[in-house]
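Below, each chain spelled out in residue letters.
2 protein chains.
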Amino acid sequence: MKTLEEIGKSAKAAEPVLRIMGTNQKNEALLHVAEKLLEEKAFVLAENVKDVEKATANGMAQGMIDRLMLDDNRIEGMAEGIRQVAALPDPVGEVTSMKQRPNGLMIGWKKVPLGVIGMIYESRPNVTADAFALCFKAGNVVILRGGSDAFFSNSAITKVIRAALTDVKIPEDAVQLIEDTRRETVQEFMKMNQYVDVLIPRGGAGLIRNVVENSRIPVIETGTGNCHIFVDESADFDMAIDIIFNAKTQRIGVCNACESLVLHEKIVDAFLPQLKKRLDEKQVEMRGDEKACSAAEGLVPATEEDWGREYLDYILSVKTVKNIDEAIAHINRYNTGHSEAIVTKDYANAQKFLNEIDAAAVYVNASTRFTDGFEFGFGAEIGISTQKLHARGPMGLDALTSGKYIIYGNGQIR
Amino acid sequence: MKTLEEIGKSAKAAEPVLRIMGTNQKNEALLHVAEKLLEEKAFVLAENVKDVEKATANGMAQGMIDRLMLDDNRIEGMAEGIRQVAALPDPVGEVTSMKQRPNGLMIGWKKVPLGVIGMIYESRPNVTADAFALCFKAGNVVILRGGSDAFFSNSAITKVIRAALTDVKIPEDAVQLIEDTRRETVQEFMKMNQYVDVLIPRGGAGLIRNVVENSRIPVIETGTGNCHIFVDESADFDMAIDIIFNAKTQRIGVCNACESLVLHEKIVDAFLPQLKKRLDEKQVEMRGDEKACSAAEGLVPATEEDWGREYLDYILSVKTVKNIDEAIAHINRYNTGHSEAIVTKDYANAQKFLNEIDAAAVYVNASTRFTDGFEFGFGAEIGISTQKLHARGPMGLDALTSGKYIIYGNGQIR
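If you read the protein sequences in the order shown, they are chains F and H.
Using UniProt numbering, read the first sequence as starting at 1 and increasing by one per residue.
Using UniProt numbering, read the second sequence as starting at 1 and increasing by one per residue.
Just so you know, these hints were derived from the structure itself, not from any lab.
Okay, the calculated beta carbon distance ranges per label pair:
| hint | chain 1 | residue 1 | chain 2 | residue 2 | range |
| --- | --- | --- | --- | --- | --- |
| 1 | H | A329 | F | E80 | 35 to 41 Å |
| 2 | H | K12 | F | E39 | 54 to 60 Å |
| 3 | F | T181 | H | T56 | 55 to 61 Å |
| 4 | H | P102 | F | T3 | 47 to 53 Å |
| 5 | H | R74 | F | T181 | 55 to 61 Å |
| 6 | F | V95 | H | D71 | 41 to 47 Å |
| 7 | F | V95 | H | D72 | 41 to 47 Å |
| 8 | H | T303 | F | R414 | 29 to 35 Å |
| 9 | F | G108 | H | M64 | 37 to 43 Å |
| 10 | H | N355 | F | T3 | 29 to 35 Å |
| 11 | F | T3 | H | Q25 | 55 to 61 Å |
| 12 | H | D66 | F | G377 | 52 to 58 Å |
| 13 | H | D325 | F | I252 | 54 to 60 Å |
| 14 | H | S148 | F | Q194 | 29 to 35 Å |
Note that this is a predicted model, so its numbers are computed, not measured.
Don't be surprised by glycine CBs; every beta carbon is placed ideally from N, CA and C.
Use the sequences and the hints to build the structure in full.
Set out below in structure tokens:
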């Protein structure tokens, strides 16, 4: 087993090769990796069984085991995902501007890979294939640190990818998995800023906080979403109810699901009973402030703590406000910078909400569930940034690039 | 004196006001600040005298005292700098793309302020006015932590700016100075990621390293420049000599000055004596490898340590290489990701160098001294980023913004 230091050095050694690799070569490699994953299906599934057996013995909840388990379909899904990344346009090499200065210098900005990307994740083993494909397509080396529950699966998938890269004469160290699953290893990995250019954590709030607080490597924060929908006085009730029902219940465990409702107090009495009826179809628990609780039967009183909660469950908090300013102030105070929506017919309020809400994605009359790289048309997603530096919102291949200035001169001096 | 916690809270309180402030209001405020600085010249100069007296008593070197000292001209320069920032286009609010998705959603990307910016700097007191003006113009609140040597000057300048902001009814906490000059305070400040969105250190390598290693706030690394010039076999000697002379001697203490020369071994014997003669005009010490030392009289043998040095002095290291590949490998190994140049007549080598060198600015046939926000046409500069995340190379107002997705819908759900 390689030490972290050796992993870092191997990544740095592979970096220059990937940095200048052409698009055709990268695409051919990705297609070969996809093919190899299918060829080695039996091996990957056999390794996955070890993880599943261990998880079962440890009493892991059935929902979690379902996420962990691979089958023919899921491996085919992984391969198809890799083929889709191969089909995406390569962001690297694009010169997005080229201007001539008065002294004749031609100064351009060219997209280049970031370098070495570290991914720390807890989720399903398919993230291993996914993260590799995206990082690789953008010319980056990736060092993966998956959850220990998926250890055998992640190892197997990485092994197959590395063998496929070797087949096509690309350094296998373009992808490496940290196989030392001790907690201290993650802490040590986060200090390796001499080898790693950026760290992208994907997982629960605890993981993200640990990385943000302890990393010496620049971090792109992803994922936590306490998303609000504000129903304005002028909202179309049917539209508002459809949007809230969709954003709350279409998929509850995701970061772009709605967690909190903000209601204009003038409509609360008329609107809330209708909404409650619809949400009852999915047994959504509503936790309201005083006005909300008295507007409809069956709400639970909310506590201060509820306004900041990302439930990821069939629960919705309900806050009433006097006007749009109070709504914006409430949302800007409690949101996590992810996705926020207003439902309104009022032009000025729509514009005001778009301007003043501080979040990665701000919606008028649409569900927050659209905050997603595929829905935004990026063709891929490595995560959703909830910070303001480098990338904000859904991150596609572009977010995995940096740039450099290229300058054509003919002897200019200062 | 406010505690750090109070400073952070005050900054966060001012942030929403600046986030949505219009361009006209920001420009008028900047012009008023410039005017007020001139009005209060006597006060600022009197406070500056205290710093200069203290520095003299402590035996500070004359060069450093010169940098610290203010006079009428320098204060007028500060005011003029602020007026220039007022005249620049406001990056905030620009929607750089707006596309329609198949489901009818209109998704746009709009530039917004970063939020609260922390600046830690060692340099001259004019950075105080400069940093305020740039951050403010891009709609950001700024928390300043200047060097303790310039304490009275920085305090006075900040006081004047805050009074000017109050005059025009803008929260004075748009700019705050950390007046607690103890070292521990900086360390504590760097942990305040709940209040500060990005930290920009400006100063020597030691300061930058401390910030990068200890900050919990995302950092934009600036400044260190071990810049190379590679003279290819086909180079025009006169052009190469002019460029090297300019890049090495026009200003030695800056990060875009040339520190290291890389020479194609086929031209070293003919080229080096001519170059040496020109650099002798400024008594530049040359430290060469074996081949370089034997090609011209008066070179000092270089040690391994020289290849990684940023001298900021009349010293230049000289490395000979067999070909462009060796030159690129050497530069990518020892550079600091700042500015690198090739002098060549060869088309393929020019393109290869631009492609393969990993740095913020890569030049063909021009001096590295052009890496600068003003020379690049940004009209301003907050620093030069030598990292790959968020901003790379000279940072103008654009680098002080983030963005958000704004989405216009008409009831879309997933």
